[in-house]
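Engineer: The residues making up each chain are set out below.
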Amino acid sequence: MSAVRLHGVRVPHMKNTAGLKPVRMDIPTVVTIPMSMHIGAPAEPVVKPGDTVMVGQPIAKAVGLVSSPVYASVSGTVKKVDDMLMSNGRFMKAVTIESDGKQDVWDQLKVPEINSFENFISAVKDSGVVGLGGAGFPTAVKLDIKDLSRIEAIIVNGAECEPYVTSDTRTMLDDAELVWEGAALLQKYLKAKRIVIAIENNKPECIKTFQKMCSGGSGIEVAVMPSIYPQGGEKVLIYNVLKKIVPEGKLPIDVGAIVINCTTLAAIARYIKTGMPLVEKCITVDGSAVKEPKNVIVPIGTPVSDLFEFCGGFKAEPKKILYGGPMMGIALPSLEYPIMKNNNAILAFDKKEAEAPEPTACIRCGTCIESCPLRLMPTEFAEAYEARDAERLGKLKVNLCMECGCCSYACPAKRPLVQTNRLAKAFLAADIAEKKAQAEKTGGEGAK
Amino acid sequence: MDRLIVSSSPHIRSARTTQKIMLDVIIALLPALVASAIIFGPRTLLLAGVSAAACVACEAAWEKFRKQPCTVSDLSAVVTGLLIAFNVPSGMPVWELVIGDMVAILIVKMLFGGLGCNFINPAMVGRTVLFLSFTADMTNYTIPKGAVDALSSATPLAVMGELSWSDFPELLLGVHGGVMGETCALALIAGGIYLVIRRVIKPIIPISYICSTLLFSWIFGGEQPVLSLFAGGLMLGAIFMATDYVTSPYTNKGKLIFGIGCGLLTAAIRIFSNSAGGVSFSILLMNLLVPYINGITMPKPLGGVSEK
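Chains as they are written, first to last, in this note's numbering: chain A, 1 to 448; chain B, 1 to 308.
Isolated chain A, as found in the complex (with noise of 0.2 Å):
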């Protein structure tokens, strides 16, 4: 079973920004920071209108387990602190912020002192950092591991397999050193036996970055991986590395194994080292309807039209503008959102990339379960879900799916596939959830 190669689909890699050294643009005038910037529970705003603020300072503590604190990104002036509503269509709290442009450094960051894993968690945890790879899982929980002799390996994830998106390139390449320092605190503090830098083929500068720090008996070592799409989704990357398979309800820890984003370790070392916390981000700003493609760097909660407006503008009437990847990325409803923690890039298609094909007949050719890589059947998910069938969708194991895209890539009928997964796999949780609270029920009545 361990010998058989996961399926993918070959994207075209659009990787037209990968030469590019970010820059940076002017400081907006205006920031709105969502307090929901990652898995979990929101942040609460600890700022109130009219408060003054500087980079770095916290505007809202995390709450609960899993959660992340949030910290300005301008210096200047707090305007509101109200609902806004966010690209999922759920309202979620956000704290506006006038930027004096001034961009003052808040006086009380120090660097954190650093000398045991609880520490370092912690450190994690205060530097605001959670999956900048898109996931935004908030990270410090992620490497808070109770017994650490079950990490085996640690996968630093740079593949970027997604088209277009090129700054977790420009990061293992501008900010190489910080990889670095973040690999070596993960192999003090978390005491990894193995770290696997992994790469795909189509980055070969990365590659030879790392090949020549990795040449001195550091325990650190580069992996390259082929460019198929989707390399850097968590379970593929483990599956491919590491030759391990995590199971269904499993975590990646429960087969010895950590995956974090290299842009994430970058952004952990340079809190440790700096003292300040997660309020930039590079951004890769491409698409067809872009007339200069660039990275940018920006402060967190830059609203997207100024990210445009700064490369030049459109250069054709944009139809799609999205959060991040063609395959995964989020379509906007307008350009009035902010970038996040977990962005790396937005783009803007014109009409000709933007519309969707009109699906016709599935001709039963097979080709998305050719193309899943977790080795589901797509198609007959939809044939299971247009019949309503939870238990079928249960033995189909639709809740596996990740929604990489690869199903409806390649469909030649051009099928909406990963929607109807969505579809399918919320269908099956309520009626998991509704026969649960029957079974419930009725066993309560039973007891009595």
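These are calculated hints, taken from the structure and not from any lab test. Ideal placement from N, C-alpha and C gives every residue a C-beta, glycine not left out. Don't take every hint at face value.
Think about it this way: if two alpha-carbon atoms lie no more than 20 Å apart in a straight line, the pair counts; the simulated EDC-like pairs of lysine to aspartate or glutamate are [said to hold, decoys possible]: (1) A:188 <-> A:118; (2) A:15 <-> A:350; (3) A:351 <-> A:317; (4) B:300 <-> A:403; (5) B:300 <-> A:248; (6) A:93 <-> A:83; (7) B:202 <-> A:370; (8) B:20 <-> A:370; (9) A:21 <-> A:174; (10) B:253 <-> A:370; (11) B:300 <-> A:317; (12) B:20 <-> A:358; (13) B:300 <-> A:358; (14) B:300 <-> A:383; (15) A:188 <-> A:144; (16) B:253 <-> A:107; (17) A:395 <-> A:383; (18) B:67 <-> A:358; (19) B:300 <-> A:380.
Here are some of the chain B residues that sit facing chain A, going by a computed Cβ distance under 8 Å [claimed, not checked]: (20) 16; (21) 18; (22) 218; (23) 251; (24) 299; (25) 300; (26) 302; (27) 304.
On the provided structure of chain A, position chain B as indicated by the hints.
Structural biologist: Chain B in isolation, oriented as in the chain A frame:
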């Protein structure tokens, strides 16, 4: 700025479409069509054209009647039409051929819901209905001009015992009696190679089908097992009919089982019965088993935990 499009990811799609796949199949059928025109005369071109047009017309008419969106631009009806024409002798009356087209498109394809919903291969059913309804016309194999030996008198399958390896070139080139599209093995194989290169089909079904036909013919003691591979409808069936997406299994393992099943049945029918429909009946029977084959060859989800 106008409204933005908000849709579910992924936001890019591969260039492959159903129409392009069908166009590739049509291109792959062309060498055999040209060969048949050379071997049997230009009437084969007329039959191919009429059959394709009839299939397209049937589909369009049905969709018009049912007030459904017209789907003939996906070219699947053209493929079905060509395949039915390939399965009739060059002297076949046109009206009989059109009946086959109507059965294939109206009954087998559209009544079951159109492309992708039929459980057996429409062209195969069309051919089988014609074979059972108009047996005389369907087995009145036209003799290629200039051929004078045993091969010219009938389909070579009927006279396998009289053949020797010296007849191999004629079998390969198809200058012998038979239905119009099946005789030129060389052209059919060329089409098959094109489809494999274009990744339209995988070679699993044709290879497992042909190899298992050879193996079982040899086990069952058939005459000239190797030469018989190039006679009758085997190449046409294995390359173009058994590989139909809709009526073949999804996975490689399933395709292998399907191919071997077809080969076993073809060898058995050819040797133990004197019916000329070995390939058709085998593929039709295996078509019926596809849901079961899919059921037993489901890929195991990565990390999936089975419920106990």
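Engineer: All hints, please: hold or fail.
Structural biologist: Each hint, compared with the structure:
no. : hint            : result
1   : A:188 <-> A:118 : 12 Å, holds
2   : A:15 <-> A:350  : 18 Å, holds
3   : A:351 <-> A:317 : 7 Å, holds
4   : B:300 <-> A:403 : 18 Å, holds
5   : B:300 <-> A:248 : 12 Å, holds
6   : A:93 <-> A:83   : 4 Å, holds
7   : B:202 <-> A:370 : 12 Å, holds
8   : B:20 <-> A:370  : 19 Å, holds
9   : A:21 <-> A:174  : 8 Å, holds
10  : B:253 <-> A:370 : 12 Å, holds
11  : B:300 <-> A:317 : 45 Å, violated
12  : B:20 <-> A:358  : 15 Å, holds
13  : B:300 <-> A:358 : 31 Å, violated
14  : B:300 <-> A:383 : 18 Å, holds
15  : A:188 <-> A:144 : 14 Å, holds
16  : B:253 <-> A:107 : 66 Å, violated
17  : A:395 <-> A:383 : 13 Å, holds
18  : B:67 <-> A:358  : 19 Å, holds
19  : B:300 <-> A:380 : 14 Å, holds
20  : 16              : 4 Å, holds
21  : 18              : 5 Å, holds
22  : 218             : 32 Å, violated
23  : 251             : 7 Å, holds
24  : 299             : 4 Å, holds
25  : 300             : 6 Å, holds
26  : 302             : 4 Å, holds
27  : 304             : 5 Å, holds
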